[in-house]
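Peer 1: If you want the building blocks of each chain, they are given just below.
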Amino acid sequence: ETGVTQTPRHLVMGMTNKKSLKCEQHLGHNAMYWYKQSAKKPLELMFVYNFKEQTENNSVPSRFSPECPNSSHLFLHLHTLQPEDSALYLCASIPMAPMVAKNIQYFGAGTRLSVL
Amino acid sequence: GENVEQHPSTLSVQEGDSAVIKCTYSDSASNYFPWYKQELGKRPQLIIDIRSNVGEKKDQRIAVTLNKTAKHFSLHITETQPEDSAVYFCAAGNTGNQFYFGTGTSLTVIP
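Taken in order, these protein sequences are the chains called U and G. The working numbering numbers the first residue of the first sequence as 1 and each following residue consecutively. The working numbering numbers the first residue of the second sequence as 1 and each following residue consecutively.
Treat the hints as calculated values from the structure; they're not laboratory data. Where is the CB? At the ideal position from N, CA and C, for every residue including glycine.
Interface residues of chain G toward chain U, partial, derived using beta-carbon atoms under 8 Å:
hint, residue
1, Arg-43
2, Pro-44
3, Leu-46
4, Asp-49
5, Phe-89
6, Asn-97
7, Gln-98
8, Phe-99
9, Phe-101
10, Gly-102
11, Thr-103
12, Gly-104
If you want a taste of the chain G side facing chain U, the calculated C-beta under 10 Å gives, among others:
hint, residue
13, Tyr-36
14, Ala-91
15, Tyr-100
Pulled out of the complex, with its shape left as it was, chain U reads as follows (with noise of 0.2 Å):
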């Protein structure tokens, strides 16, 4: 365990509905990311708060919403999402950034999402 955790673990839903993915860190992290991780292509960097500031928006579509109430949450709402939205998103955190020598960073397990 890496102190990131994420939920829910999986997730099936329609193009119609709403709901949100949650990552969650009690190890004093300042940074928080958003990844969507697809079958055969790099992590896709979507998100990036720092201290809760949105620093990297990396040309995601509107139908994704972060938000990151504190430095220890942070959340993904999302809305009538396609098929091809179906990834597996994976949050991750890095402590005093932005310290170089100080930016590990440390993975959730992921939430496998479904679109139907």
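We have chain U; now place chain G onto it with these hints.
Peer 2: For chain G alone, kept in the frame of chain U given last:
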């Protein structure tokens, strides 16, 4: 932006042999290069990393080398064991806390 390429995409070796995975990057601002191991259905786990002020780092059977001039870095696994079978990802990170990943190498160690 950064572009990380990783080769090979699949690699099979006999138990006890060595495995080498290579990555290249494009952005000279990248200064941190971690390697992750991801077993089927599990999260990526950091196995070794190297920073731009170091040319080589070793941890038991795993070593990483970095050539900043050529912008490439490699993972070396010696005396491979079946439990080394997994997908390995390289990544390049910068001081902006952005990380860019390679496409992964599926390593199979044949007993």
